[in-house]
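For the protein sequence lines, the chains are A and B, in the order given.
Just so it is clear: in the first sequence, position 96 is 96 by this note's numbering, and no numbers are missing.
Just so it is clear: in the second sequence, position 97 is 97 by this note's numbering, and no numbers are missing.
If you are wondering where the hints come from, they were derived from the structure by calculation, not from laboratory data.
Honestly, I wouldn't trust all of these hints.
[As the list claims (entries may be wrong)] Straight-line distance between alpha carbons at most 20 Å, and here's what the computed SDA-like set of lysine to any residue pairs gives: (1) A:117 <-> A:134; (2) B:152 <-> A:147; (3) B:98 <-> A:244; (4) B:455 <-> B:480; (5) B:152 <-> A:148; (6) B:455 <-> B:498; (7) A:103 <-> B:124; (8) B:475 <-> B:565; (9) A:103 <-> B:158; (10) B:98 <-> A:145; (11) B:98 <-> A:208; (12) B:98 <-> A:128; (13) B:498 <-> A:244; (14) B:267 <-> B:315; (15) B:152 <-> A:54; (16) B:496 <-> A:42; (17) B:498 <-> A:210; (18) A:103 <-> B:334; (19) B:498 <-> A:39; (20) A:103 <-> A:119; (21) B:152 <-> A:130; (22) A:54 <-> B:123; (23) B:98 <-> A:163; (24) B:498 <-> A:128; (25) B:480 <-> B:570; (26) A:93 <-> B:480; (27) B:455 <-> A:59; (28) A:146 <-> B:94; (29) B:98 <-> A:144; (30) A:54 <-> B:570; (31) B:570 <-> B:529; (32) B:98 <-> A:186; (33) B:480 <-> B:564.
Okay, here's what each chain looks like letter by letter:
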Amino acid sequence: MATPTLDKADTAGAPEPGFADSPYITVTFRIRRFNPEISEEATWEDFQLEIDPKERVLDGLHKIKWEVDGSLTFRRSCAHGICGSDAMRINGKNRLACKTLIKDINPSKPITIEAIKGLTVQKDLVVDMEPFFQAYRDVMPFLITKGNEPTRERLQSPEDRERFDDTTKCILCAACTSSCPVFWNDGQYFGPAAIVNAHRFIFDSRDEAGEQRLEILNDKDGVWRCRTTFNCTDACPRGIEVTKAIQEVKRALITRRF
Amino acid sequence: MKIHKYDTVIVGAGGAGMRAAIESTKRSRTAVLTKLYPTRSHTGAAQGGMAAALANVEEDNWEWHTFDTIKGGDYLVDQDAAEILAKEAIDAVLDLEKMGLPFGRTPAGEIDQRRFGGHSRNHGEAPVRRACYSGDRTGHMILQTLYQNCIKEGVEFFNEFYVLDQLLVEEDGVKKSAGVVAYELATGEIHVFQSKSVIYASGGTGKFFKVTSNAHTLTGDGQAACYRRGLPLEDMEFFQFHPTGIWRMGILLTEGARGEGGILRNKDGERFMEKYAPVMKDLASRDVVSRSIYTEIREGRGCGPEGDHVYLDLTHLPPEQLDAKLPDITEFARTYLGIEPYTDPIPIQPTAHYAMGGIPTNVQGEVLSDNTTVVPGLYAAGEVACVSVHGANRLGTNSLLDINVFGKRAGIAAAEYAHTADYIELPENPAAQVQAQVENLLSATGTERVAVIRKELQETMDANVMVFRTEQTIKTAVEKIGELRERYRNVSVQDKGKRFNTDLLEAIELGNLLDLAEVMAVSALARKESRGGHYREDYPNRDDVNFMRHTMAYREVADGGKDSIRLDYKPVVQTRYQPMERKY
Ligand code: SF4
Ligand code: FES
C-alpha cells in the first residue's frame with residue numbers, strides 16, 4: 001500500500017460532482033490589469049471562480065492563471081506570509097495575497113485586486129521594487145561596531161534583545177510604505193519600512209552607529225515627514241507596530257537617547 | 001543577447017548563495033544571479049534553529065554532533081564532511097552573531113540553545129540543547145542578516161534573472177565551466193555570463209510533491225541545468241518528509257515546537273512516539289517520526305472524520321512560552337486553520353520538505369563529474385548540492401548550518417580558483433540552447449497545459465514515492481512520469497510576451513521538475529533497501545552489504561535524441577564510525 005493520499009487537499013481543483021454540501025462558492029475577482037506590451041491603459045477585468053472560501057486569495061489568483069488566463073502576472077513564492085513577495089491592494093487595503101483567506105474579505109461582493117500604490121506598475125500586479133529597496137539600503141541596514149571583534153559572541157541581555165525584537169520581523173514586503181499617503185505624494189520619503197529597519201539597528205545594544213542612522217533619518221525626506229496616519233501599522237502582515245517604531249525613532253532624535 | 005564577464009557567478013540568493021557571495025565579493029568580481037529578490041528565498045521559511053555545539057547551556061562537543069549527524073543520516077553520510085560540518089558549526093554561528101544576527105539569549109547574555117530532533121548528548125544518551133535560534137524565525141533572521149551583509153560588502157545582484165543553462169567546455173579531455181546563460185524576467189532578454197567560476201546555490205526541488213513545505217519556486221533549476229549537461233545527480237531518492245506540516249497545506253510547523261515540549265497525539269490522545277522511540281520520543285529523527293505518524297494513520301488511529309492526520313499538542317505549554325518561542329507557527333495555525341493553539345491541538349501530517357541529494361561535490365564545494373573527477377570552475381552548496389552531510393536523512397537544524405559552512409567554503413574556493421584560472425572560451429552560440437527552448441515554448445500551439453501536468457505529477461509523487469514506497473508504487477510513478485514527459489512536449493503557454501512572462505517560466509520550471517522526478521523515482525527503484533528517508537516496504541531493512549553507497553544518476557542521450565538514466569554508485573566515506581542499528 002502506498003502512502004495515504006489526501007484527495008480533499010486538492011487546492012486547485014473544481015468542485016466534485018454530486019457533492020451535496022460542497023464547500024465551494026462562486027466569487028468574482030476584479031483585477032486591475034496592465035501590460036504596456038498590449039496597451040498603455042490599465043483596465044479592470046472580472047474573473048468568476050469556484051473556490052473554497054477557506055482558501056487564500058493567492059490560491060484564487062493561481063486558479064485564474066493556471067486555468068483561465070496564463071498572462072495574469074504577480075509575484076509569489078512561499079505562500080505563507082514569510083517571503084514578502086505578494087503584497088497587493090485587496091479591497092482597497094494592502095495585504096499579502098497568501099495570508100488573506102477569501103472568507104475573511106466578504107466574498108459575496110466582487111473582490112478588487114490591484115498593485116500596491118506609489119511604485120511604478122510594470123505588469124498587472126508587479127511593481128518596480130527598486131526605489132523601495134534603495135530606501136532600505138540608505139539607512140545602512142547592517143550591524144556597525146567599533147574596535148576589535150570579540151572571539152566569542154557579543155553578549156546581549158534578554159531584555160536588550162527584546163528591545164528591538166518587533167522590528168526584526170520585517171519581511172520587506174512594502175505593504176506599509178505603499179499604504180502611506182506621504183509616500184504616495186512624494187516618493188523621496190524614506191517610508192515606514194526603511195525606518196522600521198533603521199529602528200532594528202538603532203535599538204540593538206550591540207550597534208554603534210545609531211547617531212549616524214539618526215542623522216540620515218533627520219533628513220528632509222526622513223522621519224519627520226511621517227504624519228502618524230497608522231496606515232502602515234494596519235497594513236503590516238507581520239503585526240509590527242510600525243507607527244510606534246517611527247515614534248520611537250522621532251523621540252530618539254529629540255532626546256538622543258536610545 | 002548580452003554578454004557579461006565576471007570572475008565568479010553565483011546562482012541563487014538564499015542562505016548558501018549569499019554566504020558565498022560575502023566571501024567571494026571580498027576576493028573576486030562577483031555577480032549573483034537570482035530568480036527572486038534575495039530576501040524572498042525559502043531559507044527565510046526555516047524556523048527552528050541552527051545546530052552548533054557551543055555548549056552555552058549544557059555540556060556538548062562537536063564530536064557528539066558529528067556522530068548524531070552520521071547516525072541521523074543512517075550511515076550514508078560522508079563522515080569527513082560531517083566532521084567539517086560539526087566542527088565549523090561553532091564559527092559559523094559566531095560569524096552570524098558578529099554580522100548582527102539577533103539570536104535568542106540566555107540570562108547571562110550568551111546565545112541560547114534549544115533541543116531538536118536527533119541531537120543528543122554523548123552518542124544518544126539523551127536530548128541535548130544544541131540548536132541556536134531566533135524565536136521560530138531563525139531562517140528569516142539568517143536570510144535578513146546575510147542580505148544586510150551583502151549590502152555592506154557591495155555584492156552585485158541581478159534580481160529576477162533565471163539561470164537556464166550551464167556552459168561546459170571540454171579542454172584536454174576535461175569538462176570545465178565557462179559560464180551560465182540566464183533569462184531576464186523583466187525584459188525577456190537572454191544574457192550570457194562568462195565567468196571563471198560558477199557556484200550553484202539555487203535550492204531544492206520540493207515542488208514535485210503536492211503536500212510540501214516548499215515554496216512555489218523550488219523547482220530544482222540548478223540540478224536540472226547541470227544534469228542536462230551530463231553531470232551526475234547524487235542520492236536523489238532520498239527526500240525528507242517533515243513530520244509536522246499543517247494538515248492538507250503542508251506549511252511547516254517547526255520541530256522546535258516539540259523541542260519546546262510539544263507532543264504528537266493520535267485520535268485516542270495517546271503519545272504514540274513513546275512506542276516507536278522510547279528514549280528520544282517526539283524528538284526522534286524526522287524519517288522515524290514521519291513513518292510513525294503514517295503507521296498510526298494506516299492502523300486507524302488517525303484523527304478527524306477521514307482519520308488522515310494526527311495532532312501536534314501544545315496546549316499544556318504556557319501561552320507566554322508559545323508567544324515568546326513559537327509566535328510564527330502559532331499564528332500560522334490561527335490564520336490558516338482558524339485554530340487557537342493555546343487551547344486546541346493542531347492537525348498535522350508529514351510534508352515533503354528537503355532534498356538530501358543533489359549535485360555531487362567534495363568538501364570544498366567543487367562539483368564532480370563522476371565519482372572522483374572535479375569540474376574545474378564549478379561549485380555547489382546548500383540544498384542544491386550533495387556533499388554529503390545529510391546522507392539518507394537530514395537532522396533538523398543541520399540545513400541552516402550546511403548553507404553557512406559550505407556556502408562560505410564554496411565562496412572562498414571559487415574566488416580563489418578565479419584568481420589562478422583563465423576564462424574559458426565560450427562555445428559558439430553559447431545561448432543557442434536557451435534561445436531554442438524559449439522560442440519553442442512561445443511558438444508552441446500544443447493543447448497540454450502546464451498546470452494540469454504539474455498537478456498530475458504532484459499527485460503521482462505523493463501517492464507513490466512518499467513516506468512508504470514499494471516496487472509497485474515506484475514503477476507506477478516511473479511510468480506516469482514518462483507519460484507526463486511525453487505530454488510535456490505538447491505543452492503551450494498563453495502569454496507570448498517578453499515582459500514578466502511568468503507563464504513561460506512556469507513551463508520551463510515544470511520541465512525541470514519532470515526530469516528530476518524521474519531521476520528520483522528511478523534511483524529509488526534501484527535501491528532495494530530501507531535507509532533514512534527512503535523506506536521500501538518490500539525491503540524494510542537496511543542492507544549495508546549491497547547499498548552502503550551513494551547513487552549517481554547520469555542522463556544519457558541516444559543518437560535519436562531519446563534520453564535515459566544510467567545509474568552508478570559511489571562509495572561512502574567512512575572515518576571512525578562503524579554502522580550500527582539506528583534506535584532513538
Ligand atoms: S514593516 Fe511590515 S509592512 Fe512594512 S515592509 Fe516590513 S513586514 Fe512589510
Ligand atoms: S508568497 Fe511569500 S509572503 Fe506571500
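Consistency of the hints with the structure:
| no. | hint | verdict |
| --- | --- | --- |
| 1 | A:117 <-> A:134 | 17 Å, holds |
| 2 | B:152 <-> A:147 | 17 Å, holds |
| 3 | B:98 <-> A:244 | 28 Å, violated |
| 4 | B:455 <-> B:480 | 12 Å, holds |
| 5 | B:152 <-> A:148 | 18 Å, holds |
| 6 | B:455 <-> B:498 | 26 Å, violated |
| 7 | A:103 <-> B:124 | 48 Å, violated |
| 8 | B:475 <-> B:565 | 15 Å, holds |
| 9 | A:103 <-> B:158 | 38 Å, violated |
| 10 | B:98 <-> A:145 | 9 Å, holds |
| 11 | B:98 <-> A:208 | 13 Å, holds |
| 12 | B:98 <-> A:128 | 33 Å, violated |
| 13 | B:498 <-> A:244 | 43 Å, violated |
| 14 | B:267 <-> B:315 | 16 Å, holds |
| 15 | B:152 <-> A:54 | 42 Å, violated |
| 16 | B:496 <-> A:42 | 19 Å, holds |
| 17 | B:498 <-> A:210 | 45 Å, violated |
| 18 | A:103 <-> B:334 | 14 Å, holds |
| 19 | B:498 <-> A:39 | 14 Å, holds |
| 20 | A:103 <-> A:119 | 29 Å, violated |
| 21 | B:152 <-> A:130 | 17 Å, holds |
| 22 | A:54 <-> B:123 | 46 Å, violated |
| 23 | B:98 <-> A:163 | 18 Å, holds |
| 24 | B:498 <-> A:128 | 16 Å, holds |
| 25 | B:480 <-> B:570 | 28 Å, violated |
| 26 | A:93 <-> B:480 | 44 Å, violated |
| 27 | B:455 <-> A:59 | 14 Å, holds |
| 28 | A:146 <-> B:94 | 17 Å, holds |
| 29 | B:98 <-> A:144 | 10 Å, holds |
| 30 | A:54 <-> B:570 | 48 Å, violated |
| 31 | B:570 <-> B:529 | 16 Å, holds |
| 32 | B:98 <-> A:186 | 37 Å, violated |
| 33 | B:480 <-> B:564 | 15 Å, holds |
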